[in-house]
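J.: Now for the letters of each chain:
2 protein chains.
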Amino acid sequence: MSLLVVGSLALDDIETPFGRATAAPGGSAVYVSLAASYFDTPVRIVGVIGEDFPREGLAELEERQVDLEGLQVVQGGRTFRWHGRYHYDLNVRDTIKTELNVFESFDPVIPPTYRKTPYVCLGNIDPVLQLKVLDQIEKPRLVLGDTMNFWIERKRDELLETLKRMDVLVVNESEARLLTKEPNLIKAAKIMMGFGPSIVIVKKGEHGALLVTESTIFSAPAYPLENIHDPTGAGDSFAGGFIGWLARTDDLSDENLKRAVIYGSTMASFCVEEFGIAGLQDLSYLKVQDRFREFRELSRFDEVEIA
Amino acid sequence: MSLLVVGSLALDDIETPFGRATAAPGGSAVYVSLAASYFDTPVRIVGVIGEDFPREGLAELEERQVDLEGLQVVQGGRTFRWHGRYHYDLNVRDTIKTELNVFESFDPVIPPTYRKTPYVCLGNIDPVLQLKVLDQIEKPRLVLGDTMNFWIERKRDELLETLKRMDVLVVNESEARLLTKEPNLIKAAKIMMGFGPSIVIVKKGEHGALLVTESTIFSAPAYPLENIHDPTGAGDSFAGGFIGWLARTDDLSDENLKRAVIYGSTMASFCVEEFGIAGLQDLSYLKVQDRFREFRELSRFDEVEIA
Chain L
1 MSLLVVGSLA LDDIETPFGR ATAAPGGSAV YVSLAASYFD TPVRIVGVIG EDFPREGLAE
61 LEERQVDLEG LQVVQGGRTF RWHGRYHYDL NVRDTIKTEL NVFESFDPVI PPTYRKTPYV
121 CLGNIDPVLQ LKVLDQIEKP RLVLGDTMNF WIERKRDELL ETLKRMDVLV VNESEARLLT
181 KEPNLIKAAK IMMGFGPSIV IVKKGEHGAL LVTESTIFSA PAYPLENIHD PTGAGDSFAG
241 GFIGWLARTD DLSDENLKRA VIYGSTMASF CVEEFGIAGL QDLSYLKVQD RFREFRELSR
301 FDEVEIA
Chain U
1 MSLLVVGSLA LDDIETPFGR ATAAPGGSAV YVSLAASYFD TPVRIVGVIG EDFPREGLAE
61 LEERQVDLEG LQVVQGGRTF RWHGRYHYDL NVRDTIKTEL NVFESFDPVI PPTYRKTPYV
121 CLGNIDPVLQ LKVLDQIEKP RLVLGDTMNF WIERKRDELL ETLKRMDVLV VNESEARLLT
181 KEPNLIKAAK IMMGFGPSIV IVKKGEHGAL LVTESTIFSA PAYPLENIHD PTGAGDSFAG
241 GFIGWLARTD DLSDENLKRA VIYGSTMASF CVEEFGIAGL QDLSYLKVQD RFREFRELSR
301 FDEVEIA
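Here the protein sequences come in this chain order: L and U.
Last residue of the first sequence: 307 (this note's numbering), numbering continuous.
Last residue of the second sequence: 307 (this note's numbering), numbering continuous.
The shape of chain L in the complex, shown without the other chains (with noise of 0.2 Å):
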């Protein structure tokens, strides 16, 4: 089944103790396209850029199938940008700068082409412009949501109306805290499901990822990594992986949701190899199934009984 693909295409400025990246592709729409598409499931991308935007980084989208009709090009506009930087752990950044530029007066439009496609996944931007795309959308089968401190803390009215549409909600550890003003992660993702998405994600970075539904809650470990480059899109690339494969399979069981999960956790884990997208070049159907299967060996154990 097809899935739309709705947030940033940025430039971005990237600095990790192992190196740095200068106006590298990136964005949430990005990340999540990349990602979803090695899923063989229609991926369709809505989203503004300036005319900065390099051919390559199209280019790329383009090798991948990614449908870009959506894909608004504003003329003598500048591109989204972002410099991060993460502090030696790689566990924190700090954001140096943000220029909103062409995203400042982002009005998403659904081409007529996009309104009927099942799956929607809505990447961190603002929570009112993510109803606006909700509202042109019929009957989707699933939405997804990301968001982020910004908007929990400025928009959280906009951000509550939003989350009545979403199905699944992705949200990391301080932003289902900061949300919730509960500092325990199962409650806060029940209180998360009371405003709501039917499927809460908890991402956890080094440490998994944690799956609530109504009838399951599944502990995902994270891919034991000793050599992380860059963790920019590595949110993004969950989401991607995670909304790939159930477009692909169109089975909402809690059990194809553990599978999701391990797909988005597959997609994260090359996305952090490499600096900006690069890790999510090259892959193939084969090497996401041989990390699939590496995360099932690194969490699986058996039990046995003793006289």
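Treat the hints with care, as some may be off.
The list treats identical chains as interchangeable, and a pair is accepted whether it falls inside one copy or across any two copies.
Below 16 Å or equal to it, Euclidean Cα-Cα: the simulated EDC-like pairs (lysine to aspartate or glutamate) are [claimed, not checked]:
1) 204 to 173
2) 181 to 226
3) 258 to 302
4) 287 to 305
5) 190 to 226
6) 287 to 52
7) 187 to 89
8) 187 to 107
9) 181 to 89
10) 258 to 305
11) 287 to 303
12) 258 to 303
13) 97 to 226
14) 164 to 56
15) 132 to 226
16) 187 to 251
Quick caveat, the hints were computed from the structure, so don't treat them as lab data.
Given chain L, work out where chain U should sit, using these hints.
T.: For chain U alone, kept in the frame of chain L given last:
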């Protein structure tokens, strides 16, 4: 096979957002012994108390068949006391006061009947005392050691000496990073293996635990407790469940070490559900097995082939 537990016996003042306890029997040797006692393996304790240690505290150990021959009682002495206060989110605690009392001059003497104990658990005490214990044991089959920031900072050289004699090192995340100066936990585990232990376990509290050996990496989930009343003793309960299972089965294969990690996590999950040692009372092997199986459900997923 029998298990020797060396560590502190304490009277704890505990404050959490959910209540408080005063002069409650605790200490690493008590938590480890109680947790290990559910694995039907003889448990022996070496430690020291003053005359003020309540009779009920000892009765609890005796009821669980813990052998107290190695327990020194200092006439007129006061038991080691610890006063801790947990923050709102329970992940952080402040030590309000520590009184070493009889622990200050503790000289562990291993009774002759204990000297051939094959499984040895060294609770979090001065590494010099840990080494003194090992010097009195004849060819142990497995030595597990715990430590803490205090010893890593103040007695690093002595700790490194003791680590050479340990088979299993159990530390938490911050201890692993402090000991190795390496933020990546997988790399940190490998550095710690270079210090001596062939098995390293990093406890991650609400995020589970990581087992690293020469031939495997295993990620264990945490039990998704909504109601944690008191985290005191969780790490010691983990160690007790882990080594209790190993002493019971005497199987040091990777597969069995993984099970041991889950039994450790199981005992820790029971511990934190109640104040002090109450969570380790009135359990049974059946209850332990049930929770072990819940851990399996929590982390199990399968693979499906898609057309």
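J.: Hints first: check each against the structure and report whether it holds.
T.: Results for each hint:
1. Proximity of residue 204 to residue 173 under the C-alpha cut-off of 16 Å is found in both arrangements, the shortest distances being 6 Å within a copy and 15 Å between copies.
2. Within a single copy, residue 181 and residue 226 get their C-alpha atoms only as close as 33 Å, which misses the 16 Å cut-off; across copies the closest is 15 Å, which meets it.
3. In the homo-oligomer, the alpha carbons of residue 258 and residue 302 lie at most 16 Å apart only across protomers (8 Å), although the nearest pairing inside one protomer, at 19 Å, exceeds that limit.
4. Proximity of residue 287 and residue 305 under a CA criterion of 16 Å is satisfied inter-copy only: 15 Å between copies versus 36 Å inside one chain copy.
5. For a Cα distance limit of 16 Å, the shortest separation of residue 190 from residue 226 across copies, 10 Å, qualifies, whereas the shortest one inside one copy, 33 Å, does not.
6. In this homomeric assembly, residue 287 and residue 52 never come within 16 Å of each other (Cα to Cα): the closest approach is 33 Å inside a single copy and 63 Å across copies.
7. Taking CA atoms no more than 16 Å apart as the test, residue 187 paired with residue 89 passes between copies only; the shortest distance there is 12 Å, against 28 Å inside one copy.
8. In this assembly of identical chains, the alpha carbons of residue 187 and residue 107 never lie at most 16 Å apart, being 36 Å within a copy and 46 Å across copies at closest.
9. Taking CA atoms no more than 16 Å apart as the test, residue 181 paired with residue 89 passes between copies only; the shortest distance there is 10 Å, against 26 Å inside one copy.
10. Proximity of residue 258 and residue 305 under a CA criterion of 16 Å is satisfied inter-copy only: 15 Å between copies versus 27 Å inside one chain copy.
11. Proximity of residue 287 and residue 303 under a CA criterion of 16 Å is satisfied inter-copy only: 15 Å between copies versus 30 Å inside one chain copy.
12. Taking the shortest Cα distances, residue 258 and residue 303 sit within 16 Å of each other only across copies (10 Å), while inside one copy they are farther apart (21 Å).
13. When the C-alpha separation of residue 97 and residue 226 is checked against a cutoff of 16 Å, the pair qualifies neither within a copy, at 29 Å, nor between copies, at 38 Å.
14. Taking identical chains as interchangeable, the C-alpha atoms of residue 164 and residue 56 are never at most 16 Å apart, the minima being 38 Å within one chain and 54 Å between chains.
15. Within a single copy, residue 132 and residue 226 get their C-alpha atoms no closer than 41 Å, and across copies no closer than 36 Å, so neither meets the 16 Å cut-off.
16. Taking CA atoms no more than 16 Å apart as the test, residue 187 paired with residue 251 passes in neither setting, with 26 Å inside one copy and 38 Å between copies.
The structure fails hints 6, 8, 13, 14, 15 and 16 (numbered hints given earlier, in ascending order).
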